[in-house]
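Enquirer: Chains as they are written, first to last, in our numbering: chain A, 1 to 302; chain B, 303 to 647.
By construction, these hints were calculated from the structure, which means they are not laboratory data.
Keep in mind that a hint or two might mislead.
Unchecked claim - Below 25 Å or equal to it, Euclidean Cα-Cα: the simulated SDA-like pairs (lysine to any residue) are:
no.	chain 1	residue 1	chain 2	residue 2
1	B	Lys642	A	Tyr127
2	A	Lys118	B	Lys642
3	A	Lys161	A	Glu261
4	A	Lys118	B	Ala481
What the hints assert, rightly or not - Chain B stretches covered by chain A per the calculated footprint, using a threshold of three residues with CB under 8 Å from any CB of chain A:
no.	region
5	431-439
6	463-475
7	523-530
8	616-625
To be verified - Using C-beta positions, here's what the derived DEER-type ranges look like:
no.	chain 1	residue 1	chain 2	residue 2	range
9	A	Thr195	B	Gly350	47 to 53 Å
10	B	Ala400	A	Val7	57 to 63 Å
11	B	Ala470	A	Arg269	31 to 37 Å
From the three backbone atoms N, C-alpha and C, an ideal C-beta is built for every residue, glycine too.
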Amino acid sequence: MPMNWPVAVLDRLTAAAHADGGWGYLAGAAPCTEPTCLACLALSAYKTDTETYARGLAWLARLQRPDGSVPVASNVTSPCWTTGLAALAWSASMGETAVNYHAQIEKAAAWLLRTHGKPIAPNPRVYGHDTTLPGWAWVENSHSWVEPTTYAVLALRAAGKEKHPRVRDGVRLILDRAIPNGGWNYGNTRVFANTLRPFPGPTGIALTALGGEPSDSRIDSGIAYLIPELPRVRAPLSLSWGLMGLSARGKRPDESPQWLEECARRVLRSGSNAMYDALLLLADADHCPITHRSLEVATTNG
Amino acid sequence: MDDAVHNSVATAASRKLSRREMLGVGGALLLGGGIATGFRWASGHERGMRAEVFIGKARDYRADFTFIIQEGFAALGIGRGDIQGKRILLKPNLVETAPGQAHINTHPAVIVGAVEALHRLDARAVIVAEGHGHHRDSRLILDESGTGAALEEAGVDFVDLNHDEFVAVPNRGGWTNLAPLYLPKTLLSVDWVISVPKLKTHHWAGVTCSMKNLFGVMPGVVYGWPKNVLHYAGIPESILDINTTVKPSFAIVDAVVGMEGDGPIMGTPKDVGCIVMGRNLPAVDATCVRIMNLNPYGVPYLAQASGRLGPIHESNIAQRGEPIAALRTRFELLDAPHLKSVASG
Numbered sequence: 001m002p003m004n005w006p007v008a009v010l011d012r013l014t015a016a017a018h019a020d021g022g023w024g025y026l027a028g029a030a031p032c033t034e035p036t037c038l039a040c041l042a043l044s045a046y047k048t049d050t051e052t053y054a055r056g057l058a059w060l061a062r063l064q065r066p067d068g069s070v071p072v073a074s075n076v077t078s079p080c081w082t083t084g085l086a087a088l089a090w091s092a093s094m095g096e097t098a099v100n101y102h103a104q105i106e107k108a109a110a111w112l113l114r115t116h117g118k119p120i121a122p123n124p125r126v127y128g129h130d131t132t133l134p135g136w137a138w139v140e141n142s143h144s145w146v147e148p149t150t151y152a153v154l155a156l157r158a159a160g161k162e163k164h165p166r167v168r169d170g171v172r173l174i175l176d177r178a179i180p181n182g183g184w185n186y187g188n189t190r191v192f193a194n195t196l197r198p199f200p201g202p203t204g205i206a207l208t209a210l211g212g213e214p215s216d217s218r219i220d221s222g223i224a225y226l227i228p229e230l231p232r233v234r235a236p237l238s239l240s241w242g243l244m245g246l247s248a249r250g251k252r253p254d255e256s257p258q259w260l261e262e263c264a265r266r267v268l269r270s271g272s273n274a275m276y277d278a279l280l281l282l283a284d285a286d287h288c289p290i291t292h293r294s295l296e297v298a299t300t301n302g
Numbered sequence: 303m304d305d306a307v308h309n310s311v312a313t314a315a316s317r318k319l320s321r322r323e324m325l326g327v328g329g330a331l332l333l334g335g336g337i338a339t340g341f342r343w344a345s346g347h348e349r350g351m352r353a354e355v356f357i358g359k360a361r362d363y364r365a366d367f368t369f370i371i372q373e374g375f376a377a378l379g380i381g382r383g384d385i386q387g388k389r390i391l392l393k394p395n396l397v398e399t400a401p402g403q404a405h406i407n408t409h410p411a412v413i414v415g416a417v418e419a420l421h422r423l424d425a426r427a428v429i430v431a432e433g434h435g436h437h438r439d440s441r442l443i444l445d446e447s448g449t450g451a452a453l454e455e456a457g458v459d460f461v462d463l464n465h466d467e468f469v470a471v472p473n474r475g476g477w478t479n480l481a482p483l484y485l486p487k488t489l490l491s492v493d494w495v496i497s498v499p500k501l502k503t504h505h506w507a508g509v510t511c512s513m514k515n516l517f518g519v520m521p522g523v524v525y526g527w528p529k530n531v532l533h534y535a536g537i538p539e540s541i542l543d544i545n546t547t548v549k550p551s552f553a554i555v556d557a558v559v560g561m562e563g564d565g566p567i568m569g570t571p572k573d574v575g576c577i578v579m580g581r582n583l584p585a586v587d588a589t590c591v592r593i594m595n596l597n598p599y600g601v602p603y604l605a606q607a608s609g610r611l612g613p614i615h616e617s618n619i620a621q622r623g624e625p626i627a628a629l630r631t632r633f634e635l636l637d638a639p640h641l642k643s644v645a646s647g
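Please model the complete structure; the sequences and the hints are all you need to start from.
Expert: Below, the structure written as structure tokens:
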């Protein structure tokens, strides 16, 4: 029987918020930045509970450090790979809430532009990717990987810095990390003699960042990998990012509502997980704040 | 990552060993011809350290793993008094999945067999937990590996350590400059941590077994995907710090089908046909390396663990169950300079 799963998931997500703002990954857990950003983005797409939404954004702002970075949780000052996600959440709120987060976005963008992953001297015998491209790292002073680079690219685009050379470098890095046979993993294409395997989640994440980019064979190969892969995926993280990635490239499968419902039914049978709940909502949203910017850029680029 | 890994492997033995000790172990092993000297040194260095390791035959994954693990517990003197009332966390090795590549991850039959064996000794609770190193999507790995269905059928909870709450704890090892270490709350809330790895070669560390498997308790939210920070800090040194700090209580190694060549994910299946168990992880791993017909003294993290975290010398390990010789089978390693010492012996 069809169900209005977004309402149930949205209710659960809203109920999982801490009283002073913020979401933990799991119900009852201390708030962390990533689930809070994703929850805020989801609430911005559905515009149902403005107070909870506002408290989430404010919680993120309280976490921002003077240098603009936003650490992964309140009990640490590093790592700060979540800074891009926070900037994205604040950007989605512009014009939607009473508080204007322009200053926070600018500080976060400045921090992102100051930081980069650690390059490695090229060693083609060992690595298939260009180890010198400057993207963004999970943890300061370590190598660049696909997911943190995606968050930085999306955040800087949302902050109006689409043409900044660092954004272009980030896009180049993401394209460079494409697996030769199609798709992405966390960011290694080949190590020693073997080409590594792609995964649906990182492929969707990479395609989301590449949403507004001109056609490229690596993007086409990623889509070609993901299209037959997703019908069997009912894990919320991979399915949601996979669909957002395809949506960002205008390739969303017609069957996606059914897949999302099947996944949501499953998710609702288990304990609350703010990251999963928010991602499902974002993947289903008519106006997803993560992918719509990519589509706008694509339109601008013709 | 590249340079960091090379450097960490090359200098693995140098941080905690004095120059004199290095001349005993590193010098003897790396220069060749002095291997026997190194063995004697290690044996003496481990004076007073003894461990028991059990090897139980399991021809394939249709074996009765509950029975084999119970047999192992009995052979190692572990009874109800050790397990009753305890909360136990099983940490399998669940890295990534691919069709037909069952040799990447700890097999669900081994995990469920261990759960049942622990319940029969009246464990208060047994949970399975992992923080995948390459993948953020634990649900997908559980789905595709068959582990999720097996755990659901057995009524066992799974905890995704990558996204668990984490707390800072002092680095009790001091081999790396990582301080503090951030560990998942779930891990710190249990009485016993049992490492349940897959027996595999590793293209950086040489071998991955019960000690390296504990990389997976480090939360990805803090350490990333891959847990690149640990590579920069030094793989062998990080292994030692994590093991010293976490203090795992036991290991149960899935060595039914292992992986050789370009492990830990791109290698080829290797039939071995056994389960290896023990309280002391260096001793368990050293035994596994001997089963792989490789050199435990050439594995940097084991060479450093020797005499500090446990014994690795054969004379200091009491073998229970099957003898090593009955199962020994040569694991091929990647042809790389930093792995030569692992292969020699």
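Enquirer: Checked against the structure, which of the hints given earlier come out wrong?
Expert: 2, 3, 8 and 10
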